[in-house]
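2 protein chains.
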Amino acid sequence: MSFSSISELQQLHDFACKLARRAGQYLRGEQVRRQKQTLVTREKLNSVDLVTAADEGVEKLIRDAILAEYPEHAFIGEESYSAGEEKRFLLKDGPTWIVDPIDGTVSLEFIVPMTAISIGFCVNSIPTVGVVFAPFIGGSLYSAIHHSEGGAWLSEFGPTGPSTNLPIVSPPPPLPKDAPKGCLFFGEWGKDRRDSPQSNLVKKSSNFINMATEIGGRDGKGGMVHGIRSLGSSTMDMVYVASGQGDIMFEAGCWEWDVCGGIAILLQTGGIVVDSNPPANISDTDPIPMANIGGRRYLAIRGCSTDSDGRSPREQQEALVREVWKRTERLNYERPM
Amino acid sequence: MSFSSISELQQLHDFACKLARRAGQYLRGEQVRRQKQTLVTREKLNSVDLVTAADEGVEKLIRDAILAEYPEHAFIGEESYSAGEEKRFLLKDGPTWIVDPIDGTVSLEFIVPMTAISIGFCVNSIPTVGVVFAPFIGGSLYSAIHHSEGGAWLSEFGPTGPSTNLPIVSPPPPLPKDAPKGCLFFGEWGKDRRDSPQSNLVKKSSNFINMATEIGGRDGKGGMVHGIRSLGSSTMDMVYVASGQGDIMFEAGCWEWDVCGGIAILLQTGGIVVDSNPPANISDTDPIPMANIGGRRYLAIRGCSTDSDGRSPREQQEALVREVWKRTERLNYERPM
Chain E
1 MSFSSISELQ QLHDFACKLA RRAGQYLRGE QVRRQKQTLV TREKLNSVDL VTAADEGVEK
61 LIRDAILAEY PEHAFIGEES YSAGEEKRFL LKDGPTWIVD PIDGTVSLEF IVPMTAISIG
121 FCVNSIPTVG VVFAPFIGGS LYSAIHHSEG GAWLSEFGPT GPSTNLPIVS PPPPLPKDAP
181 KGCLFFGEWG KDRRDSPQSN LVKKSSNFIN MATEIGGRDG KGGMVHGIRS LGSSTMDMVY
241 VASGQGDIMF EAGCWEWDVC GGIAILLQTG GIVVDSNPPA NISDTDPIPM ANIGGRRYLA
301 IRGCSTDSDG RSPREQQEAL VREVWKRTER LNYERPM
Chain C
338 MSFSSISELQ QLHDFACKLA RRAGQYLRGE QVRRQKQTLV TREKLNSVDL VTAADEGVEK
398 LIRDAILAEY PEHAFIGEES YSAGEEKRFL LKDGPTWIVD PIDGTVSLEF IVPMTAISIG
458 FCVNSIPTVG VVFAPFIGGS LYSAIHHSEG GAWLSEFGPT GPSTNLPIVS PPPPLPKDAP
518 KGCLFFGEWG KDRRDSPQSN LVKKSSNFIN MATEIGGRDG KGGMVHGIRS LGSSTMDMVY
578 VASGQGDIMF EAGCWEWDVC GGIAILLQTG GIVVDSNPPA NISDTDPIPM ANIGGRRYLA
638 IRGCSTDSDG RSPREQQEAL VREVWKRTER LNYERPM
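Chains as they are written, first to last, in the working numbering: chain E, 1 to 337; chain C, 338 to 674.
It is possible that part of the hints are untrue.
Pairs of lysine-lysine residues, derived as DSSO-like cross-links and limited to a Cα-Cα distance of at most 27 Å, are as follows [stated by the list, open to error]:
| hint | chain 1 | residue 1 | chain 2 | residue 2 |
| --- | --- | --- | --- | --- |
| 1 | E | Lys60 | E | Lys177 |
| 2 | C | Lys540 | E | Lys191 |
| 3 | C | Lys397 | E | Lys203 |
| 4 | E | Lys181 | C | Lys558 |
| 5 | E | Lys177 | C | Lys528 |
| 6 | E | Lys203 | C | Lys558 |
| 7 | E | Lys92 | E | Lys18 |
| 8 | C | Lys558 | E | Lys326 |
| 9 | C | Lys397 | E | Lys191 |
| 10 | C | Lys429 | C | Lys518 |
| 11 | E | Lys60 | E | Lys92 |
| 12 | E | Lys203 | C | Lys355 |
Everything labelled a hint here was simulated from the structure, so no lab data went into it.
Put together the whole structure using the sequences plus the hints.
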């Protein structure tokens, strides 16, 4: 199987959409059950990181279906990764599914709807098919085939509901002239809560404050973004930028399964994703490389159109990336590669 | 009309639910239109505070319907308040509707779904009927009649969809023993973005960091909450705590129309709402008064059950309020009363 033809990718896409809906139905059933009994959870790293039986059940449902349909494909899932010994980045160039059965487990625990199932499919380490399904947000299903003949879509209210092409405003407007001023910024507080000068909590909170502060404030680092959103789900943060419902997603500490599905959608709608830490020695004119999908640090900028000064989308996006880098500290998230 | 009978309140409730759905339909129509053209907006205070034609259109739709049905009732709405000269708090003891046509206008602008219509109805300045409708979150409709024979409900996927009694887990679990540790905390960054030591931005961000930091950190102020959420809508923040989908809502700078509908639901599900600034000279044993509905400072705690130590819901809630007060600075939001 070559994955070069759009019809092959369309098949994979449709399979993943159906599978995400099935998984969502399972989750809604679990939710109803949970409303009748106190949740039994066990703690992972600390009280912030919960795993529920639902989490493992959904991953099994998705993995079993994929392996039955595509036994020759590789599979990376959050729960099996967490349970396994091998902590290196497992993505190879072959066809690989990268799945998060539920992002935002805390949200699920509290039955807050900002929870999503993410199914991504990579070829040559590039997210090529992506499906993000939010069963408690009107059954919103975001999906894309990243291909010259592909597309990106938002389907609402179930399989027979209305479907909208993405980006949600098309063609997407240019980025704001003085970006990050005027941008909608998404980021999460994360699980590292240490009170020490170099902790990720201290740096992340400083980054948020810089982005929020008036222009000129914070020693010139004030970014005066429109708003800062922490939805509790990096999958939803990424998909809102991918669909043009936000401008900037800045998140470190999450994993490839949180963002792989969203990145396929982002790439198809003309967005970019780079490392949230600037690469060493990058100059102001060097082209900015794409983020490593397993790098745990993501800075995504939405797709846009050429602006009235004739700046291309890529020029605007790279300029905004550099403005964000100026206002944010390097975060300490690494992984064995 | 006395508003003492449940059947009178039921009528008002059903009327408000229908009206909220109509307003939601209008908003979805506006959204589709906006996807085809760049939004025309005009700036209010600064670039963060946008008002759109949709905002004014929805308020007119709701106000006209209420005045036609209940000409003797008073009406307070965000848009008419903003446009008027009178900036004092207008709520009197008579029957009064308090309406936010769209909370989270920035979210609406960006077509992010975390946007809600809030319709509240007060008698003797107490929120008595509340409806919060999120047309882009699966058409989730939260509502309540705050009365001994009343109730609170979440209805999803339209008027014929499933309806759940609130709180969403019933009876609601006790608050966590070491609360705020383990709590889900909702709050917003707001519009005051000044970089000065006493600005609300500086204090709010310090409050967020205190709540997030590990126990023992930040000179003992670390609260180690489960998570911090900024959804961009204080209406949704309040309603999630009201429904038991979150534990703490801490927000200052918003207005009565943002929270009135949610507070009716909160009161009916056993939650409490107090001033987010501790009243002057309150002792550790003084009972904590309810928030002034027009006071612009709200600290809400969800309903809960008696815990295994025999502490009543009110005792747990007041203890948690004092723990939050210890970890947060007084915010500078006032209004002419």
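Status of the hints after comparison with the structure:
| no. | hint | verdict |
| --- | --- | --- |
| 1 | Lys60/E / Lys177/E | violated, 46 Å |
| 2 | Lys540/C / Lys191/E | holds, 22 Å |
| 3 | Lys397/C / Lys203/E | violated, 45 Å |
| 4 | Lys181/E / Lys558/C | violated, 32 Å |
| 5 | Lys177/E / Lys528/C | holds, 20 Å |
| 6 | Lys203/E / Lys558/C | holds, 18 Å |
| 7 | Lys92/E / Lys18/E | holds, 26 Å |
| 8 | Lys558/C / Lys326/E | violated, 30 Å |
| 9 | Lys397/C / Lys191/E | violated, 44 Å |
| 10 | Lys429/C / Lys518/C | violated, 39 Å |
| 11 | Lys60/E / Lys92/E | holds, 22 Å |
| 12 | Lys203/E / Lys355/C | violated, 47 Å |
In summary, the structure is inconsistent with hints 1, 3, 4, 8, 9, 10, 12 from the numbered list given earlier, while agreeing with the others.
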